[in-house]
Amino acid sequence: MNKLIRSAVLGTTAALALALVASVAPGTATATTLKEVKDKGTLVVGVKADYKPYGFLDSDGKIVGIEPTLAADVAKKLGVKLELVPVVSSNRMQFLEQGKIDLMIATMTDTPEREKVVEIVKPNYYSSGTNVMAPKKAKFKEWTDLKGVPVCGIQGAFYNRKTQEQFGADIVAFKGTAEALTALKQGRCVAFVYDDSFLISKLGDPEWADYDMPLKTIDDAPWGLAVAKGADKFAAFMSDMIKDWHKTGRILELETKYGVKNTPFALEMHEKYKGS
Amino acid sequence: MSRRPRNRPPVDLAGTTDLPVLLPAADSLARRAARERELGAALPRLDWRHGLVLLAVLLVSAGVAQAQAGAGREPVLEVLLRWMPVLLRGFLFNIVISFLAMAVGTLIGTWLGLMQISLLPPVRVGSWFVTQFFRNAPWLVLLFYCMFLLPFEFRIGGLVIPFPDWIKATIGLSLPVLANVSEIVRGAVNSIPSGQWEASESLAFNRRQILWMIILPQCVKRMLPPWMNLYAILTMATVLASIVGVSEMMTQAGRVLAAEDRPDLLIPIYSFVLLCFFVYCYPIARWTVALERRFQVKL
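Protein chains in written order, with this note's numbering: chain A, 1 to 276; chain B, 1001 to 1299.
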């Protein structure tokens, strides 16, 4: 009997393992090439759907914003239909690797670790830095003033760790900005660490008149749109596309359209490519 | 020819009732009644008044939010109305996922449950192992497994079969369901008094006939209440899919909050989500209670 049980357990384990291997095997899709996109007739782009104004829902349930508009530009240039797939920080690179999306324009900060996994196209199309929003009466002057202070953040943001480890803040991470801002208002945290462009737009609102952005912006890091590793022709095409956006001032135009103050990075890139 | 003994626990008939399987229910009902007598009040059960409370929370929070927001902004209820189609379309997703996961889970789970009472030890032990494995794994972990291990499309020859996220979530959620259904089936079969087996055997039914024609029909009504309970639990667990990026109601609620960018909407929108789930699950809970009452012994 004991022997039988053992063999049965072994058999089941083997069957489970086999099922896992079988399910993984077809997942190794190859990089989408430019030709494949044209043959398919559809460009699938991963964008954010919870990050106003870069990618958010309108009340018809469609995804709109600065990045979806850029994606539409790409599809138009290729002469194919556009399909937007909402992604979140934790799955966007996986989707690209699997081939589920052909292109990712999803507020992703360009870091050397990420460049190893996906092909981040140069030049960078956008940039933002990290800052905190805090009540004026908190009187923060340096980042190190955050030591031991509860600070709200967004789950999955890369600067949470830095704020925690380097400056000693206690990060309380939330799902979205609405939740984090509510917590800030209720006093559950003393500051909110996030992208400076978002915070600037928020501080323009009279509701947040008692708050300010007291610290110096750090980590002004460029954002990268990405294609799968090995899709070199597609990357080259996207590189030209970005240069064109900077040249024509398309990004500045979209910032204005969606109510964001023109960022120094976008202005600088426009200056740089204007003459070319 | 001698037969091997059946895998069936001995049934203790030394009780006060001739319906031994219903003893636990009678017991718990008696305990509940005793507690209620002690308290001098009925213990709360989910009823329609809870729905009213939820609705009141929604309206009050909308009112408070409105007062906080000031005059210059769109009224909260109007915002809610505008986003209603988006949110309800998300909710439809929850229902579709719960239906499919329940269907798949029931189909496979029933077989697994029957395998658990098989006379062949390898089949019995194997199915027991699978059942225990999926029953004791956290739902979210199984969901993550399916999300990231299953491919987004299958290629069979030249044919490409897409495999969207919500189907993966359905498969992920059907795993714990099938394990629970397996246990429900096994328990129900074991709860049928042994006299039924002996009587049908004496009438020269073979094992398969006994199971399909005599035992299982009697099991159906015993399995119905726990099965419906499981469905209600599953429906509420479908919001887990929001963590893996499926566009169901919880995900959509988060996106709506991001798009509106108004912290005062937080409570009204989540209250609305709660209310939707209540309106859907409450009738199921009532129905389950009614069925349970019908199948229980009178006190």
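There could be a bad hint or two in this list.
[Said to hold, decoys possible] To give an idea of the chain A side of the interface with chain B (calculated C-beta under 8 Å), a few residues:
id, residue
1, L57
2, S59
3, G61
4, L82
5, Q98
6, V172
7, G176
[Claimed, not checked] Output of the computed footprint for chain B on chain A, the stretches with three or more beta carbons under 8 Å from beta carbons of chain B:
id, stretch
8, 39-53
9, 177-191
Bear in mind the hints are in silico, worked out from the structure with no lab data behind them.
We put the beta carbon where it would ideally sit given N, CA and C, even for glycine.
query = Does V172/A pass the interface check with chain B, least Cβ-Cβ distance below 8 Å?
reply = This interface hint is violated because 15 Å lies over the 8 Å limit.
key: Restraint outcome when Q98/A is required to lie within 8 Å of chain B by C-beta distance   = With a minimum Cβ separation of about 6 Å from chain B (threshold 8 Å), the hint on Q98/A holds.
inquiry  = Can you verify the interface hint for G61/A: is its Cβ closer than 8 Å to any Cβ in chain B?
reply    = Holds - the Cβ of G61/A comes within 8 Å of chain B, reaching about 5 Å at its closest.
Proposed interface contact between G176/A and chain B, which counts if any beta carbon pair is under 8 Å = Hint holds; G176/A Cβ to chain B Cβ min 5 Å, cut 8 Å.
Given hint L57/A near chain B, where the shortest CB pair must fall under 8 Å = holds (5 Å)
Residues of the stretch 39-53 of chain A with Cβ under 8 Å from chain B, three needed, outcome = Contact hint for the stretch 39-53 of chain A vs chain B: holds, 4 residues under 8 Å.
key: Cut-off 8 Å, beta-carbon criterion: hint that L82/A touches chain B   = Status violated, d = 17 Å.
query = Was the hint right that S59/A lines chain B, CB cutoff 8 Å?
reply = Holds. Min distance 5 Å.
key: Coverage claim, chain B over the stretch 177-191 of chain A, checked by counting residues with Cβ within 8 Å (three needed)   = This one holds; 6 residues, not fewer than the three required, reach chain B with a Cβ under 8 Å.
Of the numbered hints stated above, those contradicted by the structure are hints 4 and 6, listed in ascending order.
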